[in-house]
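Novice: If you want the building blocks of each chain, they are given just below.
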Amino acid sequence: MRRMTTNGSLILTAVAMVAFCSLSWGQMTEADENQRLGMESHIGKLTGRAADAQGTYRRYCVGCHGVLGDGEGENAQWIDPKPRNFTLGIFKCRSTTTGTLPLDSDLYDTIGRGLNSSNMPPWNPLSAQQRADLVAYVKHFSARWVTEKPGEPIQIPPEPEVTAERIKAGQAVFQKVECWKCHGQTGRGNGPSAATLTDDQNRPIQAFNFHDSVRFKCGTTDTDLYRIFMTGLDGTPMPSWSDNIKPDEAWDLVFYLRSLQPMKSKEKEIARQIGLKPGAPSAAPAPAPQQ
Amino acid sequence: MTSARKRLASSVFLASLILSFAVGDAHALPAFARKYGLRCSACHEAWPMLNYFGQKFKDNGYQLMNDRDAPIWQNNGYWPVTMRITPFWHRESTDKVAVDQAPSGQQQITAHGFDVGGLDILSGGTLDKNISFLFVLSSDENALFHFESVNARLDNLFGSPWLNVKMGKFELDNIVSEKRGLTLTSSGGGFQLYHFIPVGDNNIFGQIGDNQFGLEWMGHSANDRTRISAALLGSSDGNVDLLNSNAYSGFFAGSQAFDVGSLGTQRVGFYAMVGQVPTGFLTSGGAPIAGGGFGNKTFSREGFTGIFYLKKLDFQVVTQHGSDNAYFATSTAANNALPAGARSAVWNGAFVETHYVYSPQLIFIQRSEWIRMSQQGIPGTASNLGNIDNYVFGYRYMPFMNSRAGFAWHNEYAWIRQRGGAPDGTDLTSSSVLLGFDFDF
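Those protein sequences? They're chains A and B, same order as listed.
Start counting the first sequence at 210; every next residue gets the next number (this note's numbering).
Start counting the second sequence at 46; every next residue gets the next number (this note's numbering).
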């Protein structure tokens, strides 16, 4: 009987410890919360304060991102792609190297720009101050911001002049680093690996279809596209290619991908003039049908 | 002024109070919230009053502009329909009503009891990317329906947010819209300034609180800080069929918003409604012939608007300078001679509506409104005849906030006085108290 009591106590203690650890892992304590509400953001001359954003977050963000910032708001179950879990401190749209925290300005730009093809709209009707405060509030959810500093922003060389050679070279880069495995030979997001892609929380995720939109999740400009290659989209299968391709090659890839998008562009016009078709440039022509 | 005319004036005043409540529908669409998974508070300061994000959503043609706005992206089961209804208890009191049994011919009438504010059935959204629509089927408390709004809109033509064209019956593009009003009572539900008609004037047009049939161009900057619009309106006063004449008016509005640090985003703007409408009708057997309006004369309403934030406190300010041609001011058809000395009716007015947004779920409201005649149509008429003072206080409490439905407990008191509006020519005063549920889903 005594032995059973001892065992019972041990089990209870273990359960309590596991519960405590789970609590402290997943949720901030009240002391943590109060301390982190002192979090600030700095964007240019703006200083955002987490404590000032509580009402704004509750009004605009909590339905998807949840009270705890864990991406488990009441609407999360209906949304695809799922809302960001701020407690992980992992963000797609950064100007910093892969694996590092973004700059405050990266988060600020994301809030104002929104994330295309998702439920995250551009929140640019909010004032600059409100957005800066929200950046601080987003940061306060993750302990990473307490223990780490944001990464160094990558260097982006000036954009070269687009030429037919560069577009063709971009197509070769597309093959060389096997973008087609996910994005498909024609850039429609239907590569052989596309169906099995998951994010770092093991949720299905789609590869970008370049024919579907003129905008990317992390911006609309050539520079934004360059940045996406070189920083990667953390939390997704899209890696950083900064160790695999040179800056010139990255620009070539930008020009090639621009030629695929559904908009009028210099790249598209040049590709049309030289008869460049999406796909593997070295692929053998299809055999003539047998008579 | 004859006693019959005074009686008419007070009847028109009382009818306008009732009408202002009957048409006081507002557009808050949980159908949009369901589509996008956003809470009511994302678009509404407190529903149905829009905040800056909600205004931009509306200006984009009910689109978030995330390349997922077209209905093809929605689950097949999604149906963009919303219903709104308001059951309530209210008390209405008017101090001087013409009563046959009263020794003086008039007495105070007070009535109270349970009631309902009619039903609105709203549907809106996108038919395809950058093609949007809205219809609002609105009933009175006896379930008699009419089309409050029916319009389609081509959005972002040539990829520009400055080119949006809408046709049908729609809410005028006033940045302080009565259709987004938070007040509900007979005496305070509508903005008097948006429906004002001088005593003795018969121009029912120019009520900028009413939805109108027409064609609107609207443009805005990417973040909606700058907005401008122009609308060509028919002379049907929002009614179906061509009842009046071949006359048109225009409604123009513009505004600019700017950030003021931690205080919030401030907006200032203007509006103007100018045009011509008929002064009389051809008749058949004494009855007006539809489309037989004649003798078009001019009217105008113009003013400034402002929305000013001081953190949780905001002020909506609207001014108006109004003018009706002498024929309207004296209720004279253009084929008849004007009374001696007849001239335009001219007035000025303003209101300030203040909100204290304690949280997205609790908002306190007050509105103070004043209208002053500066020139009567007939010389010698009391200079203050028809002047209006209106005060409203209330709050709305929404016990929950999600993206599926809106529910508010609403409590409001309103008081209004019209100078010289009583049957005996003295001031006419009314008051309303309302406690009720206001919900949509």
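Hints should not be assumed to be uniformly reliable.
As the list claims (entries may be wrong) - Result set (DSS-like, lysine-lysine): computed pairs, CA atoms no more than 30 Å apart in a straight line:
no., chain 1, residue 1, chain 2, residue 2
1, A, Lys385, A, Lys254
2, B, Lys174, A, Lys291
3, B, Lys356, A, Lys254
4, A, Lys473, B, Lys174
5, B, Lys174, A, Lys477
These aren't lab readings, by the way, just hints derived from the structure by calculation.
Every value quoted in this text rests on a predicted model; they were computed, and no experiment measured them.
Novice: Each hint should be assessed against the structure and marked as holding or not.
Specialist: Structure-based check of all given hints:
As the CA atoms of lysine 385 (chain A) and lysine 254 (chain A) are separated by approximately 43 Å, the hinted pair breaks the 30 Å bound. Taking the CA atoms of lysine 174 (chain B) and lysine 291 (chain A), the gap is near 23 Å; set against the 30 Å cutoff, the hint holds. Between the alpha carbons of lysine 356 (chain B) and lysine 254 (chain A) the distance comes to roughly 20 Å, so the proposed pair stays at or under 30 Å and holds. A threshold of 30 Å between alpha carbons decides the hint, and for lysine 473 (chain A) with lysine 174 (chain B) the separation of about 19 Å falls inside it, so the pair holds.
Simply put, lysine 174 (chain B) and lysine 477 (chain A) have alpha-carbon atoms about 23 Å apart, close enough for the 30 Å limit, and the pair holds.
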